[in-house]
Amino acid sequence: GVGASTWEASLNSLRPRGMAVFFGNASGPVPSIDPLILNSKGSLFMTRPKLYDYLQNRQELLWRVNEVFDWMRAGKLKVAVDREFNLEEVN
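In case it helps, the working numbering puts the sequence shown at residues 1 to 91.
Derived by calculation from the structure, the hints in this document are not laboratory data. Be careful, since some hints might not be right.
Claimed, not checked - Each pair of labels, with its calculated beta carbon distance range:
no. : residue 1 : residue 2 : range
1   : LYS76     : ILE33     : 28 to 34 Å
2   : LEU36     : VAL90     : 42 to 48 Å
3   : ILE37     : ASN57     : 34 to 40 Å
4   : GLY3      : PHE85     : 22 to 28 Å
5   : ASN86     : PRO35     : 47 to 53 Å
6   : VAL90     : SER32     : 35 to 41 Å
7   : GLY75     : ASP34     : 40 to 46 Å
8   : SER40     : GLY75     : 39 to 45 Å
9   : LEU77     : ILE33     : 28 to 34 Å
These numbers come from a predicted model, not from an experiment. Even for Gly, the Cβ is constructed at its ideal location relative to N, Cα and C.
Could you put the whole structure together from the sequences, leaning on the hints where they help?
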């Protein structure tokens with residue numbers, strides 16, 4: 001799961017001064033976290049971004065999309081497709 005069921009393990013997996021990025025709520029939202037927990041685990045950082053703060057207009061969308069495809073073309077990002085579906089199967 002993502003979210004409520006994984007946040008604590010995510011924090012525990014970090015090195016001191018590491019950053020946890022929570023993106024998704026499949027198992028429920030991440031609960032409120034006391035900042036002292038971040039301090040006691042090694043001065044950790046935490047963020048909960050949302051997509052639309054990073055894609056505020058079409059120009060930014062195209063810039064970021066092209067960057068991802070450039071990484072794929074250069075072999076810096078490998079994408080594994082484990083299955084395909086016919087459009088008729090989409091709800």
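Against the structure, the hints:
no. : hint                        : verdict
1   : LYS76 <-> ILE33: 28 to 34 Å : holds (33 Å)
2   : LEU36 <-> VAL90: 42 to 48 Å : holds (46 Å)
3   : ILE37 <-> ASN57: 34 to 40 Å : holds (36 Å)
4   : GLY3 <-> PHE85: 22 to 28 Å  : holds (25 Å)
5   : ASN86 <-> PRO35: 47 to 53 Å : holds (49 Å)
6   : VAL90 <-> SER32: 35 to 41 Å : holds (36 Å)
7   : GLY75 <-> ASP34: 40 to 46 Å : holds (42 Å)
8   : SER40 <-> GLY75: 39 to 45 Å : holds (40 Å)
9   : LEU77 <-> ILE33: 28 to 34 Å : holds (30 Å)
Checked against the numbered hints listed earlier, the structure breaks none of them; every hint is satisfied.
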